[in-house]
Amino acid sequence: METAALRLAGVSVGYSGTPVVTGVDLELGPGQRLALVGPNGAGKSTLIKSVLGLADILDGEAIVLDRTPARARELTGYVPQTGNLDSDFPVSVRQVVMMGRYRRLGWWRPARAADRRAVTEALDRVGLADRAGMRFGLLSGGQRQRVLLARAIAARPRLLLLDEPFNGVDAVSQEAIVRVLRELSADGTALVLSTHDLAVARDLADLVCLINGRQWAVGGPGETLMAEPLRRAYGSSAIDLADGRMVLVDL
Amino acid sequence: MIEPFTVPFMGRALTEIALLALICGPVSVFVFVRRLSFVSDALTHTVFPGVVVGFVAGGIEGLFTGALVAGVLTAVALTVLTRSARLTDDAATAVLLTAMFSIGVILVSRRTSYTSDLTAFLFGRLLTVTPRQIAETAVLSVVILVALALGARALLFRAFDPAGAAAAGLRIGWLDLGLNIMLALVVVAAVRAVGTILVVALLIIPAAAARMVTDRLVLMAVAGTGLVLAAGYLGLLLSWTASLRYGVALTSASAVVLMLVLAYLLLLPVRLWRDRRRPALPIPLPRRSPHELVG
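Residue numbers (our numbering), protein chains in the order written: chain A, 1 to 251; chain B, 1001 to 1295.
Isolated chain B (complex conformation):
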């Protein structure tokens, strides 16, 4: 079970997943409590044109910069668009998502190696992760974890009760921008390994699955990290075994995401069982009528 990971490229793939697991556990908790699944999905798509431009300009190493610029720009645009309240969150996010993704597809379709490039951008290249990429992911992971440690308290308050948080003096706009940028950084960190489509699974599923078994935020983050680690290990092992023993070409990143989805499905009955065990809510006593007789 350990042997495949002694092969250098498998070891590097697992290391990359482990680093991503460290950040995706805690970050996905905030995606979950802020209900930012759609925003995360949008970010993964809007990073796409940046990835393509970066690749055209600087080859595989240019991907990182391109994704970073596009990710941060999207984070700012999303925060500004949804804050002005002229558009609903959903509409603004959807407009940005489709516009940027179309630009990405137009850009990539002008290249001669269109199909292979598109596949790599969309589904990643987990098995060709280089030590330099691992180092970049490690740096981003540290930045994200430090930012989360500093902002967790304020982000939690804002997620639970925006009006109360604003009344307590927290700057909601800046907090939203901070979290959106953090999501963009996770996307940038993960995009080369698992691709723009599958990275969204790493941002949404860990906390959503962990929520099935616990009500506690810290445990959700820890369990989320554990889930990504386990899915990474099992997914890589599965794709290795499938292609070597049975000759089935199973993309490693897809196998990892499949394992995550499987974990979610397996934990679903646990949530249903826990809900059934929970005592019924106390029925409030009837209050006095708001209709008042006055003399």
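Isolated chain A (complex conformation):
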């Protein structure tokens, strides 16, 4: 058993030598839930991509499940934002979830009973087993997000990374996703999710990392999701109200 699912020490990440996020220091244990919180364009997606080995680590050390990020790919799962996917793509819900098994299947081995079972179980878990034969693009935004979560579950990852999983998601789907994420972490899967929704972060995360170009704070939700660290991370998007509270406006 590895000591940490994810360990970032003084990490700067970016593309083609240009840093997007700098100075990230954190450690995530198996089964722990980390929320990356920050405004749009803060570098949350880039940090997630770097853990997947798809963005460059420019400085510091990143260890994913005791391996380098690229070597850990077979143990990590990724749930991208659904907004980037073509809703006219002629592919069924079942086919999308089966993509989660492709790494096990290799280039051409046909799917076996175990693969089909894993797909059905994953769909069942997110509450969409009855939609298996439907075209993916016909689902609502929240249902699509749940299908992508099912695809990640079907691969049985030990570290799951989710990019803004609650963006454009209806309340029913949000509840379903939160429930599944809690179950996964109870089973020992470590989770990293980016969000700009502080309520979700407070509700779901064991660990919160406030980022906006650099790491501004890391720790439990009780210490990071407070006025002072948020004001530092969000800058002018954090507006003080007269009664001592603060509102964040994503400009």
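It is worth saying that the hints were derived from the structure and are not from the lab. Nothing here was measured: the structure is a model prediction, and the numbers come from that model. Where a beta carbon is used, it is the ideal one built from N, C-alpha and C, also for glycine. Check the hints yourself; a few may be wrong.
Label-pair ranges, simulated between beta-carbon atoms [what the hints assert, rightly or not]:
(1) B:Val1143 x A:Val172: 57 to 63 angstroms
(2) B:Leu1266 x A:Val172: 53 to 59 angstroms
(3) B:Val1270 x A:Ala227: 57 to 63 angstroms
(4) A:Asp86 x B:Leu1262: 26 to 32 angstroms
(5) B:Ser1116 x A:Gly41: 58 to 64 angstroms
(6) A:Ala171 x B:Arg1277: 27 to 33 angstroms
Please build the complex by placing chain B on the supplied structure of chain A, with the hints as guidance.
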């Protein structure tokens, strides 16, 4: 209806089309889902100078090698240019298309039999296909089908969700190069029969037409192949009947492509009808505001 095809050159033309149908059905599905229609169009034009150089150097048999070299070079250039992200896909493709096509026209215009050569290159010579050409098309078809069978799963994942595919460990750059080379091979296989202009119809229309009637990828590939077969048969029959019975000179390759376009137009209402029958998407419940009050 079968009789014209007992004439050897008609039989060979139909055999060539049947082989092309086998590969164009499945390949056009990937052109469709990757939205590579413009890239396919570019490939058909960039193969042109290769065809001319091949013809000048080795006559009609040199066409194949010339087209092959130009096609593969274009596939590599397109992949590299669009990957560096310095140019948009469209701009890079358009620059390559116009540059190579101009070179082809300059090369061919230096020949004395300029007009007849150009017509042959652009519109093909379906009725003069030789058994050797059929054999070459057959070999290319096998290569392409085997490559597709091996790569279909990865290509599909990459087409649907590039970020997810990369995160799952697939090499996107190599997959793109593989598909571009496969398209180049189809162009090379088809170029002598239907010409550089019309080959693009074989790469785009089958899947686009099949998509009107089905949401399933495998059915799209099968229906695409069926469409090319039917269009090939009807197109050849049409050009045969037009020229023999009515004295109208109708290029056979053009007739085949016309039939494909006709199939597309006939299937268009089916898509509209299916869309209307589809239940409206569920309206998502409003989510909580992202603007948060914190104490």
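Tested hints:
The beta-carbon spacing between Val1143 (chain B) and Val172 (chain A), approximately 49 angstroms, falls outside the hinted interval of 57 to 63 angstroms. For Leu1266 (chain B) paired with Val172 (chain A), a C-beta distance near 42 angstroms fails the hint of 53 to 59 angstroms. The hint said 57 to 63 angstroms for the Cβ distance between Val1270 (chain B) and Ala227 (chain A), and at roughly 60 angstroms that hint holds. With their beta carbons about 28 angstroms apart, Asp86 (chain A) and Leu1262 (chain B) fall inside the hinted range of 26 to 32 angstroms.
For the hinted restraint 58 to 64 angstroms between Ser1116 (chain B) and Gly41 (chain A), the CB-CB distance of approximately 60 angstroms keeps it satisfied. In this structure, Ala171 (chain A) and Arg1277 (chain B) meet the distance hint of 27 to 33 angstroms, their C-beta atoms being roughly 29 angstroms apart.
Violated hints for the displayed structure, listed by number in ascending order: 1, 2.
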